[in-house]
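K.L.:
Chain A is fixed; fit chain B onto it per the hints.
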Amino acid sequence: MSGVMKRMGMIFRAKANKALDRAEDPRETLDYSYQKQLELLQKVRRGVADVATSRKRLELQLNGLQQQSAKLEEQGRKALALGREDLAREALTRRSALQQQITDLETQHQTLQGEEEKLTLASQRLQAKVDAFRTKKETIKATYTAAQAQTKIGEAFSGISEEMGDVGLAIQRAEDKTAQMQARAGAIDELLASGALDDPSGMAKDDITAELERLSGGSDVELELQRMKAELAGGSGGQQAIEGGQGGQGGQAHQQRPQDQPRFDKR
Amino acid sequence: MIVRIMGEGQVRLADSHLDELNTLDDALLVELEKDDEAGFRRTLGALLEAVRRLGEPLPDDALEPSDLVLPAPDATISEVREMLREDGLIPG
Chain A
303 MSGVMKRMGM
313 IFRAKANKAL
323 DRAEDPRETL
333 DYSYQKQLEL
343 LQKVRRGVAD
353 VATSRKRLEL
363 QLNGLQQQSA
373 KLEEQGRKAL
383 ALGREDLARE
393 ALTRRSALQQ
403 QITDLETQHQ
413 TLQGEEEKLT
423 LASQRLQAKV
433 DAFRTKKETI
443 KATYTAAQAQ
453 TKIGEAFSGI
463 SEEMGDVGLA
473 IQRAEDKTAQ
483 MQARAGAIDE
493 LLASGALDDP
503 SGMAKDDITA
513 ELERLSGGSD
523 VELELQRMKA
533 ELAGGSGGQQ
543 AIEGGQGGQG
553 GQAHQQRPQD
563 QPRFDKR
Chain B
263 MIVRIMGEGQ
273 VRLADSHLDE
283 LNTLDDALLV
293 ELEKDDEAGF
303 RRTLGALLEA
313 VRRLGEPLPD
323 DALEPSDLVL
333 PAPDATISEV
343 REMLREDGLI
353 PG
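These protein sequences, in sequence, are chains A and B. Going by the numbering used here, the first residue of the first sequence is number 303, and it counts up by one from there. Going by the numbering used here, the first residue of the second sequence is number 263, and it counts up by one from there.
Just chain A, with the same shape it has in the complex:
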C-alpha cells in the first residue's frame, strides 16, 4: 500500500501530535498517548520477561555446574578410597575451578534477580499509571464529548432564543398596536365628548333632528299662516278654516312627504 492511508499512518505514528492538532480532536491525542503508554508498558514487560529468561538460564547453568562439582567431589572421594591421590587432587582442582564459576554465576543470578524485582515493580507501577491515565483519558474524552454536546445545545439555544426574540418582537408589536389603538379610541372618545370631533352617527341624528325640527317648524309657520288668514276672513269660518287648515295642513304634509321621503330613504 502506497496511498494516502499508509502515508497518513506514517505521519500519525511519526508526528502524531502535529497531525492530531490538525484534526482538532483532543480525544485522538489522548488515545495516542495511551497507545504510547501501552507500548512502553509492553516494553517494560518484555524487559522483565528477558531478565527472567536470563535468570532461568543462569539457574540451569548453575544446576549443571553444581552437579558437575558434586560429581568431581564424588570422583575425588572414590580416587582417595582407591589410593589414587593424584586423581583425587585432579578432581578437586577441577572442582575448585567450577566452584569459582559457580560463585560468579551466583553473583550474576543475584544481580539479575534484583533487576527483575525492580523491573517487576516498575512494570506494576507503570501499569497502575496507565490504568489511571486510561480512566483519566476516558473522563477527559467524556468531558470533551459533553462539552461538544453542550456547545451544540448552546448553539441550538441561541437559535431558539433568536426565534423567541422574533416571537417576543411580534408580541411587542401586537401589544404596541393594541395600546396605540386603545389610546386612539380613548382620544376619539374624549374628542367626541368635547365636541371637537363629529360623531358620524351623531351627525345623522342631527340631520333627522334638524329635518324634524324643520318640518315641525314649517308646520308651525303654516298653522300661523292659516290662523292669520282665518282672522282676516273673520268669524267662525276662521275656526273652520283653522280646522280645514288643519286638514289642509295634513294634505300639505302629505304633499311634502314625497319630497322628504328620499332623505329618510338615504338614511
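Hints are all accurate, no fakes.
Here are some, though not all, of the chain B residues that point toward chain A, as calculated from beta-carbon distances under 7 Å:
no., residue
1, Leu-290
2, Leu-291
3, Val-331
4, Leu-332
Source of the hints: derived by calculation from the structure; they are not laboratory data. Every value quoted in this text rests on a predicted model; they were computed, and no experiment measured them. Built from N, CA and C at the ideal position, the CB exists for glycine as well.
P.N.:
Showing chain B alone in chain A's frame:
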C-alpha cells in the same frame, strides 16, 4: 487490522477488504497529486464509507494502535496535502 478515521475513531477491518480499499486509496492519492478537489472529495467519501461499511467500530475503551489512518471526512485536499508534505515523511 485497525483503521483510524481521524475525528471519528477506529474500526477493525478484515485484511481481505484491503484490496477494495487499496483501489480507492490509490485513486485518492492520484487525485491528491492532480489537485482534483472534486474527485478527491468523492473518493475520500467512498473510501470512508467503505471503511465504515466493512469495518466494525472499536469501543472507546478498547484502544489499539492504528495500522492505517484516514483523513477526517471534512478534510480538504490542501489540508491533506499539507499534512503529507509537512517536513516530508521522515520523522523528527
